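Q: Could you build all of it, start to finish, from the sequences and the hints given here?
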Amino acid sequence: MIQSLGTIMSSSAAVTVLTGVTVFVVGQLIAKRFIEPYISFREQLGRITALLLREQATITNFRANHETIHDLKDAASQLMAKYAALPGSLKRSYLGMKFVPSKGEVLGAAQNLNEITSILAGNSKENTYNLIKEIGLKLNIPTTYSSH
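Residue numbers for the sequence shown follow full-length UniProt numbering, beginning at 1 and rising by one.
For the record, the hints were derived by calculation from the structure and aren't laboratory data. In this text, all values refer to a predicted model and were calculated from it rather than measured experimentally. Don't take each hint at face value.
Stated by the list, open to error - Label-pair distances were calculated between CB atoms; the ranges are:
#1 Arg92 to Ser11: 36 to 46 Å
#2 Leu29 to Phe62: 44 to 54 Å
#3 Glu43 to Gln111: 28 to 38 Å
Each residue gets a CB set at the ideal place from its N, CA and C atoms; glycine is no exception.
A: Shown next as structure tokens:
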């Protein structure tokens, strides 16, 4: 009787340990595959917001230095890279809810960032404010200090 009770207890302990390990591994897979890429993408959107708000005056007044131009190019490439790293399930919308902007919106925003760098590097006097505003609309982030 005592021997069979010990077998049941060790079997129960093994099941508990196996269940705990399985839950941990599945949790890590979900975190690494879905949560971390999503957080990284959202952080990049935050960096773009900070960059465009911080440098808005220098960009719109055509006084951006090489560092700002480099930061804008880097922001565009990082945006595309982090979007590409997202799993397809996060890129789809469910019941009208979307977690991230569409591929076209991300591509358009990256192109706008690159267009701003081209304007600034080429000493053109094209309007960069509208491009900054478009980036905000495409990515659903604040990029200007105006309310609309």
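Q: Evaluate each hint against the coordinates.
A: Status of the hints after comparison with the structure:
no.: 1; hint: Arg92 to Ser11: 36 to 46 Å; verdict: 43 Å, holds
no.: 2; hint: Leu29 to Phe62: 44 to 54 Å; verdict: 48 Å, holds
no.: 3; hint: Glu43 to Gln111: 28 to 38 Å; verdict: 21 Å, violated
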